[in-house]
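Trainee: Sequences listed follow chains A and B, in order. Each residue of the first sequence is one higher than the last, beginning at 1 in our numbering. Each residue of the second sequence is one higher than the last, beginning at 1001 in our numbering.
It should be emphasised that the hints constitute simulated quantities derived from the structure, not laboratory data. All figures in this text were calculated on a predicted structure; none of them were measured in a lab. Hints may contain errors.
[Stated by the list, open to error] Dumping the calculated DSSO-like pairs for lysine-lysine here, alpha-carbon to alpha-carbon at most 27 Å:
| id | chain 1 | residue 1 | chain 2 | residue 2 |
| --- | --- | --- | --- | --- |
| 1 | A | Lys2 | B | Lys1061 |
| 2 | A | Lys60 | B | Lys1006 |
| 3 | A | Lys147 | A | Lys11 |
| 4 | A | Lys147 | A | Lys94 |
| 5 | B | Lys1061 | A | Lys60 |
| 6 | A | Lys2 | A | Lys34 |
| 7 | A | Lys28 | A | Lys11 |
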Amino acid sequence: MKDLIADIRGKFFLLRCRLFRKNIRIGKRLRLYKRFDVRGDGTLIIGDNCIIAGITGDRKQFVTLYTLHRDARIEIGNNAELYAARLSSRYSIKVGHDVHIEESGIMDTDFHSIERDRGAPLNESLDSCAVTIGDGVRIGARCLVTKGVRIGNNAVIGPGSVVTRTIPDSCFALGNPARVINTK
Amino acid sequence: MSNVLKFIRLFVANPAGTAGLLKALLRGTLTILYYRILNSRIRIEFPFFTYETFRVSGPGKVSIGRSCAIHPNIFEGVSIVTLDPSAEVRIGRNCSLGGVTIRCRERIEIGDRILAGQSLIQDCMLAECPAAWAIGPMPQEMLSRPVRIGRNVWIGAQSCILCGTTIADDSVISLGTLCFDASIEEYQLASGSPSLRPAPISRLMRMQDMRR
């Protein structure tokens, strides 16, 4: 019953995107289990068979995909499972296929500079700030992925960690800053 | 009789606080009745004080000892989730929990007299089951391992206690600590993310004395 309602909500969302929001492109069979918030006029591409849901044990949080600029770009592959994930992009966030993200934030900008006027951050560019997340990555609850990070294929990030540097393929990382504990 | 006198004295000294206590007691009693009628797998003993929202969901067993209190902490109450029918959460007596999220797939044991801030206690890596697990075998570090917390432990805010952690009696988990597969012995202070070397509190106290 829940799955049926999620399917219908997804279809409505697809229809709404096709009519009013040309910058959003979503593949087939989106399932919406909870509120889904998309803001900004950047490009957003989501693949087929995606699940958008809240996390168990928390009623407030939902999936948010924000694009903060016209050139911003969020790409999510097929079979992605987003449970209360918060993505906000100024440049580019690329997420691979079969990923699983729980209650964590991914952002590719610092939002403000460390100067006194707190203006737009300096020295930020597409090359240095783009976030890339590989295929089959699993990210646990209460994680944070900061700008310029590349997470390799099939990596696992434990709950509560802050990823500030690149994580290689097929390994398990944990802590603040996230360190590689072991490789599979 | 002496209890009544004590209560009257408390009411005279601090009327607002006592009224809050009575309200929490009433709310807690209603919670106990609600779960006793609707869900026999959840057992809460009287008295139970809920100052904030208290939620239990999932198919597993939950048991909470007597005179536990749910306090508000960063506007959050306690939510306990059991993710598996064989999961079991056991909380001891006289606990004061605030803003704790417990996600249990196998077994979580919490002793008496726990003080806890807004934190996450989870005995598995991922709360939701990825679709790929239904096909292939589970990776080694994804398997759930039971969490055991002893008596009189103080758990700081924004800390994560993850699978395989055992914490002995009288220990302190400081703010923002991440415990993964750690074993913290009796009367030790754990800090850092991830927590690697817990320090004995008696030694820390001695060092503090020396500095004076």
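Trainee: Flag every earlier hint the structure violates by its number, smallest first.
Mentor: Numbers 2, 3 - these are the hints that the structure violates, sorted from lowest upward.
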